[in-house]
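**Q** From first to last, the protein sequence lines are chains R and W.
Quick note: the first sequence, position 100, residue 100 per UniProt numbering, numbers continuous.
Quick note: the second sequence, position 294, residue 294 per UniProt numbering, numbers continuous.
FYI, nobody ran anything at the bench for these hints, they're computed from the structure.
Bear in mind the structure is a predicted one, so any value in this text is a computation, not a measurement.
Treat the hints with caution; some may be incorrect.
Below, in silico cross-link-like pairs of lysine-lysine (BS3-like), each with a Cα-Cα straight-line distance of 30 Å or less [claimed, not checked]:
| no. | chain 1 | residue 1 | chain 2 | residue 2 |
| --- | --- | --- | --- | --- |
| 1 | W | Lys197 | W | Lys240 |
| 2 | R | Lys240 | W | Lys197 |
| 3 | W | Lys42 | R | Lys37 |
| 4 | R | Lys451 | W | Lys42 |
| 5 | R | Lys240 | W | Lys37 |
| 6 | R | Lys37 | W | Lys197 |
| 7 | R | Lys42 | W | Lys451 |
| 8 | R | Lys240 | R | Lys197 |
| 9 | W | Lys42 | R | Lys240 |
| 10 | W | Lys451 | R | Lys197 |
| 11 | W | Lys42 | R | Lys42 |
| 12 | W | Lys42 | R | Lys197 |
| 13 | R | Lys451 | W | Lys37 |
Between beta-carbon pairs, the in silico distance windows are [as the list claims (entries may be wrong)]:
| no. | chain 1 | residue 1 | chain 2 | residue 2 | range |
| --- | --- | --- | --- | --- | --- |
| 14 | W | Ala411 | R | Glu153 | 57 to 63 Å |
| 15 | W | Glu253 | R | Glu341 | 48 to 54 Å |
| 16 | W | Asp418 | R | Asp115 | 50 to 56 Å |
| 17 | W | Thr398 | R | Ser165 | 39 to 45 Å |
| 18 | R | Asp190 | W | Leu95 | 48 to 54 Å |
| 19 | W | Asp139 | R | Trp419 | 44 to 50 Å |
| 20 | R | Ser165 | W | Leu95 | 26 to 32 Å |
| 21 | W | Leu312 | R | Asp271 | 45 to 51 Å |
| 22 | W | Trp419 | R | Trp321 | 26 to 32 Å |
Here are a few chain R residues that sit away from chain W, every Cβ distance over 10 Å (derived from the structure) [said to hold, decoys possible]:
| no. | residue |
| --- | --- |
| 23 | Ser58 |
| 24 | Glu204 |
| 25 | Asp296 |
| 26 | Trp419 |
For glycine and all other residues, C-beta sits at the position ideal for the given N, C-alpha and C.
2 protein chains.
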Amino acid sequence: MAADEREDALLTHADAPVAEAEVVRAPEGGESDSLDKENRLKPDFVRRVREALDQGESERAYDLVEPLHPADIADLFELLDPSDRPLLASAITDLMSADVIAEMNDHVRELLVEDLPAEDIAEIAEQLDTDDAVAMLEDLDEEDQQAVLAEMEPEDRAAIESALSFPEESAGRLMSRDFVAVPEHMTVGDLTDYLRKSRELPTEFWEVFIVDARHHPVGTCLLSWILRAPRSVALVDVMKRDQTLIPVGMDQEEVALRFQKYALISAAVVDESGRLVGQITVDDVVHIIQEEAGEDALLLSGAGDGDINEPLPQTIRTRMWWLFINLGTAILASSVVALFEGTITRLVTLAVLMPIVTGMGGNAATQTMTVTVRALATNQLTSSNTWRMIVREWWIATANGWGLGALMAIACQLIYHDWWLSFVLLLAMILNSLNAGLSGVLIPMGLNRLKIDPAVTSTVFVTTMTDTLGFFFFLGLADLFRLSA
Amino acid sequence: MAADEREDALLTHADAPVAEAEVVRAPEGGESDSLDKENRLKPDFVRRVREALDQGESERAYDLVEPLHPADIADLFELLDPSDRPLLASAITDLMSADVIAEMNDHVRELLVEDLPAEDIAEIAEQLDTDDAVAMLEDLDEEDQQAVLAEMEPEDRAAIESALSFPEESAGRLMSRDFVAVPEHMTVGDLTDYLRKSRELPTEFWEVFIVDARHHPVGTCLLSWILRAPRSVALVDVMKRDQTLIPVGMDQEEVALRFQKYALISAAVVDESGRLVGQITVDDVVHIIQEEAGEDALLLSGAGDGDINEPLPQTIRTRMWWLFINLGTAILASSVVALFEGTITRLVTLAVLMPIVTGMGGNAATQTMTVTVRALATNQLTSSNTWRMIVREWWIATANGWGLGALMAIACQLIYHDWWLSFVLLLAMILNSLNAGLSGVLIPMGLNRLKIDPAVTSTVFVTTMTDTLGFFFFLGLADLFRLSA
């Protein structure tokens, strides 16, 4: 299969006119018919495709889409209205390559795939790399999944079933089972001959794994070394022995961190007994790195996975649930205000100034919390520098509290000519700044130690601290100093 | 140079005992002496290094650090207190390889490098890839930079000066000038012989660029294709013509998006006239993808680049400036409250409930804003689906406003037995939810259209909208309906 595919690939490349490359992806960062300078599909282009589809002119749509790269076709599906997507799919059936499906947004693919009969899904899945096929099938419900698997060739089915047996988001699901592994006794010449002759190899690979008799990886050779070494050299003399092995059960976030840390292009995946079972390449990891890094912002804001293609009811459910929880913290904070109703009645200016104390606390806490969550996610913050981090945030909070507190106290004095009120405001802002800084660093670290994802849960606790204590500091101090008397 | 380096590399790999790989990076995800299960340096290990350094036992420190991977040595520097870092550097001078320097956090490296004499920096820079050398030198002040460049070999200096002539964060700074390019008339056999014989090639490369007489790239060959093709085949028949060319002036974020979109391992960089001038490989892009994706959370929170190794005064300046601006929005909001002092005096319950209206608005707006900022950053949101996005957020806001507004109105009625107050609360929450949803989506999109980074500026405007209008809706409606009469 791999060899045939390869011949096709060669023919395709050789046939493509040179000019096409320049049209599809203009080298000078210039614009093409379909892509703007930032490499996004032009609105005008999308509009023309949409019009062609709506007017039933499939051929015109086909001609428009045909020159696009699979990744751009996938983007086009996302940009179209959900109702236009099946129209496009049926207009361009023979352009709907495995690459297009693999590049497509999960939600968009799910909606499209749901409408297809099991045979068609099976046919697409057989063309995909195992990891992409798994990504497509794992979202189907159990019954549909079985129906699709039943339609597949036994060999492909076995690969997918084996991948599905690993937990979601693990290396086992991510890895490809197509890799090149050779025994340790080979020379560079043996290997080159083997690569030329074997018809069962993947088309694209970056390194060759050298395995012992038990199929345990003992080293790895980059192709550039093999190409440059004399034929007579033994592989064990060129290979790099020190390699990063990925256990099959490792979480994909962990895999991504290792690829990043050790600047890997590909890595061997081993099972519990240390046998080589697959490989992961960096192109499969890049979108995980992007997702994992970007999801902190979304999780901290309670926007779930924040995908703009997610079905609306699901999005509303996620977001409303978050707001509902946060309403609880708001009620808690407002019940603190209720405690001091009498104090406010006597000096209503307190109601005017109190949002400033909680607002500044909330903003300062968000800064600290976000930094802490990112530092934990990127493994920059460990037990070794915890204490340094806390001290650091303490100083930042002190500086902010005094600096901004003094500023507001002066402004307050100028407007209200009330020394005590200004003093209370200063004190409340200093206290709430320290509260914000320490909550912002200690709450995510504590949650992380309890194995709770700090990105998901920190905001609620931190906001509760700054709002509730913010009101309490300001109104409580005012009451204590009998400002309103 | 490349060839000598390569021989060294081979010797090193061949000499390393097999067992070492298993110690350094345990395959089963198990622990080693120095690394925990999540591949972070163990606190106990860091403590032992710190103790050795503090007690002046450089040799013990050396023995501890010696088995570590360069990336882990770089991490170790970050985890140590700033005062211990120069001690470690002098204890392990011959382990301080270019790789360690390249992997190091910018701030940590800057502090370390500042203390070194120009000759030493020049010597390190000469060992580094151009892009890493540039990263090290670009932070030095003009004078020190010149001093270092003066100490370097003319060839290396020219490469770095040429890189520094490109704008910061552009492809020109990121690219490596070591790549393999061959003329189009070659066969696979010619190329293989050339690769074997040439001594001036980089040690690691993933593809060979084929160029025409003007040095314009016309195609690219993956090494795996070359290894598998018969010697007699012409390169132009195996090469892929359709390739992604990166203009030398392209912003690194844009470069990262292309690598991601087209799943690239390496790509050719071309100058204004289309000549091949360098290549960018995915390992240089991975940390940009991670940074760019992660920075949205930090920018939205006003935490600057959020690096925990940034010098404290700089961090305080960034964070306080942000809080200062936000204090302005808080003052604006509180001046709205001041407008209604009379109303609040008559019904102090308004002061109790008003934080709930603004709190919910703020949280809802943050969700929408974060989703919008991410979608813009990842090119998911373009003019083609703007309208769909706005309608989507409108529905979400409507659902949230009615759902949570009704909930709070019922709670308010149960506690305060005041139909009008409950009705005002419901209305204010619905209005502020719509305000939040629309501000959250329109403000980042508007800023983006004005070429202002929405991640940096959205929060201030969005918060102003939800706080100011939130108070205004609630207190204004209360006044309108004369609740307090």
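**Q** Now look at each hint and say whether the structure bears it out.
**A** Hints, one by one, checked against the model:
1. W:Lys197 to W:Lys240: It holds: about 25 Å lies between the C-alpha atoms, which stays within 30 Å.
2. R:Lys240 to W:Lys197: Holds: lysine 240 of chain R and lysine 197 of chain W sit about 22 Å apart, inside 30 Å.
3. W:Lys42 to R:Lys37: With Cα atoms ~46 Å apart, lysine 42 of chain W and lysine 37 of chain R exceed 30 Å; violated.
4. R:Lys451 to W:Lys42: The hint holds at about 17 Å.
5. R:Lys240 to W:Lys37: Roughly 23 Å separates the two Cα atoms, so the pair holds.
6. R:Lys37 to W:Lys197: 41 Å, violated
7. R:Lys42 to W:Lys451: The hint holds at about 17 Å.
8. R:Lys240 to R:Lys197: This hinted pair holds, its Cα atoms lying about 25 Å apart.
9. W:Lys42 to R:Lys240: 26 Å, holds
10. W:Lys451 to R:Lys197: Roughly 55 Å separates the two Cα atoms, so the pair is violated.
11. W:Lys42 to R:Lys42: 50 Å, violated
12. W:Lys42 to R:Lys197: Cα-Cα ~47 Å, so violated.
13. R:Lys451 to W:Lys37: 14 Å, holds
14. W:Ala411 to R:Glu153: 57 to 63 Å: 60 Å, holds
15. W:Glu253 to R:Glu341: 48 to 54 Å: 51 Å, holds
16. W:Asp418 to R:Asp115: 50 to 56 Å: Since aspartate 418 of chain W and aspartate 115 of chain R have Cβ atoms about 52 Å apart, the given range 50 to 56 Å holds.
17. W:Thr398 to R:Ser165: 39 to 45 Å: 43 Å, holds
18. R:Asp190 to W:Leu95: 48 to 54 Å: Given range 48 to 54 Å: violated, Cβ gap about 36 Å.
19. W:Asp139 to R:Trp419: 44 to 50 Å: This hint holds: roughly 48 Å between Cβ atoms.
20. R:Ser165 to W:Leu95: 26 to 32 Å: 42 Å, violated
21. W:Leu312 to R:Asp271: 45 to 51 Å: 47 Å, holds
22. W:Trp419 to R:Trp321: 26 to 32 Å: For tryptophan 321 of chain R against tryptophan 419 of chain W, whose Cβ atoms are near 29 Å apart, the range 26 to 32 Å holds.
23. Ser58: 20 Å, holds
24. Glu204: At about 6 Å from chain W, glutamate 204 of chain R fails to clear the 10 Å cut-off, so the statement is violated.
25. Asp296: 5 Å, violated
26. Trp419: Fine: 20 Å to the nearest Cβ keeps tryptophan 419 of chain R off the interface.
Checked against the numbered hints given earlier, this structure breaks hints 3, 6, 10, 11, 12, 18, 20, 24, 25; the rest are met.
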